[in-house]
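Engineer: What follows is the residue order along each chain.
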Amino acid sequence: MTDTVDIRIPARSPRHRSERRFRLYGMAAIAVSLGFLALMVGSIVLRGTGAFQQAFVNIEINLPANKIDPDGTGDPLVIKKSRFGSLVKKAMRERFPEAKSRKEKRQLYKLISATAEYGVRDTVVANPKLVGTRASLWVRASSDVDMFLKGNISAEVAEDQRRVSDLQLGWIKDLHDKGQIEKRFNTQFFTSGDSREPEQAGILGAIIGSALTLLVCFLFSFPTGVLSAVYLEEFAHKGRINRIIEVNINNLAAVPSIVFGLLGLAIFLNVFGFPRSTPLVGGMVLALMTLPTIIIASRASLRAVPPSIREAAFGLGASKVQTTFHHVVPLAMPGMLTGSIIGMAQALGETAPLLMIGMVAFIVDLPGGVTEAATALPVQIFLWADSPERGFLEKTSAAIFVLLIFLVLMNLIAIVLRRRLETRW
Amino acid sequence: MNIQTHIEETVMPVPSASPTPIIEVRDTQVFYGEKQAIIDVNVEIEPNAVTAFIGPSGCGKSTLLRCLNRMNDVIPICRVEGSITLAGQDIYAPEVDVVALRQKVGMVFQKPNPFPKSIFENVAYGPKINGLTKHKLEMEEIVETSLKRAGLWEEVKDRLDQPGTGLSGGQQQRLCIARAIAVQPKVILMDEPCSALDPIATATVETLIDELREKYTIIIVTHSMQQAARVSQKTAFFHLGELVEFGTTEQIFSAPRQERTQNYITGRIG
Amino acid sequence: MACMLDPSIPKQSIVSDPTSIAITRTSNKDRITDLLVRAILILCALIAVATTIGIVASLLLESLRFFQKISIFDFLFGLEWSPQTALRADQVGASGAFGAIPLIVGTLLISAIAMAIATPLGLMSAVYLAEYASKRSRNFIKPLLELLAGIPTVVYGFFAALIVAPMLRNGGDQLGFEIASESALAAGLTMGVMIIPLVSSLSDDVINAVPQSLRDASYGLGATQAETIKQVILPAAIPGIAGSLLLATSRAIGETMIVVMAAGLAAKLTLNPLEAVTTVTVQIVTLLTGDQEFDSAKTLSAFALGLLLFLITLCLNVIALRIVDKYKEQYD
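Residue numbers (the numbering used here), protein chains in the order written: chain A, 1 to 425; chain B, 426 to 695; chain C, 696 to 1027.
Simulated from the structure, these hints should not be mistaken for lab results. Be aware that a few hints might be false.
To be verified - Among chain B residues calculated to face chain A with C-beta under 7 angstroms, some are: (1) GLU469; (2) GLY483; (3) ALA512; (4) VAL521; (5) LEU526; (6) LYS529; (7) LYS561; (8) MET564.
Note that beta-carbon positions come from the ideal geometry of N, C-alpha and C, so glycine has one too.
For reference, chain A alone in the conformation it holds in the complex:
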């Protein structure tokens, strides 16, 4: 054994190069995956934050008493009936008297939203003293102006290829120079339902729809999921029937979500005749879909309760049912809740089954109950993403932003719940 033992790193060993290369592949794979995540979330957030702001135009508007409230009642019902539209248009004509022809006037009116008159109306209703005065009010600009101000429409493009004409550009510049146009926080985005006009559209309707759907989903899936888990884990004999149910649940967890939508369409709508497009049906379909998730999580947390607890209860003369529901289930509850919240988060993002049961309708009004037609947040995203108007692009991103925030919140709650309540046996 005279040969020397050399254990130094060889200068250029192919083995070491291959080691480094392999390690690099691993890091690259993760970097690419996370890069996509960053690109996606980043681009959506960047596009979406714009929607939280909205361009407003300041107009000097005459609010003659004889047209709005001739008898000086101050009664909101009377004021509401007045025709503010023509007053707004008149104010615009006064601001830019150079608009003479019908075509020019039409372009002038298009600077502000078609819904601007409602804004004026609501202001006057809230403050009847304005009647009979000349007021300076901020009204909602049109989506095209909004897009232009946010830099989404470029003035460089040839006139016939952009949605803002040269004439309008001049007016916008004039307003801008005089500080009569500015971007403000867009509260309406959070307080109203869908609209055909992008500058008017909000997500409250979709949020309420989603909340109602999730409520139904939770009320159906949580009790059945937990009780199924209790049966399988605590009561069932480990026989063939149990095995069949188990395999069935595992496979159900991997069935494409759209198939659940088909089930809802065929059974809930066509056989049972439940009302179409409603949170009730949507929630029930999503409940069936989340059931496997809840059962699997609940079983795991039941299994984590040590047998000594059960033995202690049995030893005191408690029956099987008492032992289970007085001792085991309460101890497993945090884990069950965590699993359910994660299941609910999945359900919140689910779109395809809702399309099947008709929750894709265009609905302006805020839904008032589980049996009224509604839409849901992800479906609203789908609908807006499909709209050709430029303004909706921004709204889509903003809605995604809101949806992601809800999802992150739900997951955080689940994590906190797990950390706070989880007992380590």
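We have chain A already, so just place chains B and C on it with the hints.
Structural biologist: Showing chains B and C alone in chain A's frame:
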């Protein structure tokens, strides 16, 4: 198997003039996070002999063994201080290639752990990755020699293509030894190699260890004092992370100098 | 645990009379409560089974009605899909064509692209996380990857249509390729990204199930980490990885929103990833949204497609779960 005769055969007087040690452990401390697992250990390993590390469980003998080919590198919280040299080179020096080190200092584990591959591929794996040969014929030769040295050849030569996991426990462990030999190491570390084996398989492996000493330096960790007495020429007794006593096996077992050693071999501690 | 005590023995009664110790069965009321609770529990557990039966029954019944109008042979082997039935019965081509082959090919094309993206990226991520990453970076990266899995598919669809597709189109224009704006590539690529976390978390489990002793053995022989992974760990984990990939494929085939938003509507029989293809799920959605008459072949065909989709994914899932179960048993 007559164990009595076996002991008489293997416990031999060690030559008085010690040859240059192949491994030297100097002032070595090992920490797992905050906890110190090895305290100030100094030990010299003689080439072409079997050195046994004995001691009660948790005494640090396995920890020290795993430091000798840096298997502890896998554990992130493990920290080694002091110096450990292999043929005069510090194995924790920055220029040392842990892969090359492990090729020179092979290891056999407590539980037989053949790869889920054929017997042939199990043995050929080491030579293949270490680039010892590229030719099929040479590889076959290496596999055959290794299996022969491990005393397994006769039992498996007709089924080299069958999975190594299909062998019996003792055969699996000898396959793992053959696998370690195939890389042509200088030192073979054995971490309780017989603890998962039945008495008959244990005897076979012990005989093998004794034969291997001709070509390799062997360090064996064992919890069985009888085994240490049967196979080793030198014995180191560890207790609570300290090296209590180190000497020839004969001396440790017949005339221990330390009281703790005495207590351990008579069964009072451990 | 659960069967430690015979569950059929209800609780023992505690009787106030100290001279007699009653250990006989208790009142009927207790027994009835017990039975009732059990009945409710079984009922709940059966809802999952009922759901499966409901899916199969509804898909099967509607499909049977469809196959009364269109022969099953034409559906399964027909090469043309144009379900637009005419407005008036006397119009030309009033019956429409219901050949599912172009849809199946389109679905498989997009899924294949997705798997081609997700397999290497997901697998290498899993390898890095399981074998290389320190505990700290693992704790940081894993939740981020899970975030990728938690993003709703409608978001991926929007991303595919808004960013990926135009990017590919512009890229193609510069390189001189014609890439359709609803190309299979854009949908497949995005879907691949969506599936990465699924592949990586399933493979991570599988890789972690490979016993440490095999790693030790390989390192002890002087193998590098890469050699150990490539030649010992991955070969040992192959069955489990195959199962994971099958599960991921099934997920890709059943995915709806990404393809609805980013893939085409026209059924074209092609394997060219740069062209627009349509998928089974896209057709189900287009057939069933908007105005529909319930008994037309057009509407019913959606259920036949649903049945097809259900059967394909079910087969993949059953096989995958079997493989993964067997694999895990091996190292238990």
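Engineer: Confirm or reject each hint.
Structural biologist: Hint check results:
| no. | hint | in the structure |
| --- | --- | --- |
| 1 | GLU469 | 16 angstroms, violated |
| 2 | GLY483 | 25 angstroms, violated |
| 3 | ALA512 | 4 angstroms, holds |
| 4 | VAL521 | 5 angstroms, holds |
| 5 | LEU526 | 5 angstroms, holds |
| 6 | LYS529 | 5 angstroms, holds |
| 7 | LYS561 | 21 angstroms, violated |
| 8 | MET564 | 18 angstroms, violated |
Taken one by one, the earlier hints fail for this structure at numbers 1, 2, 7, 8, listed in ascending order.
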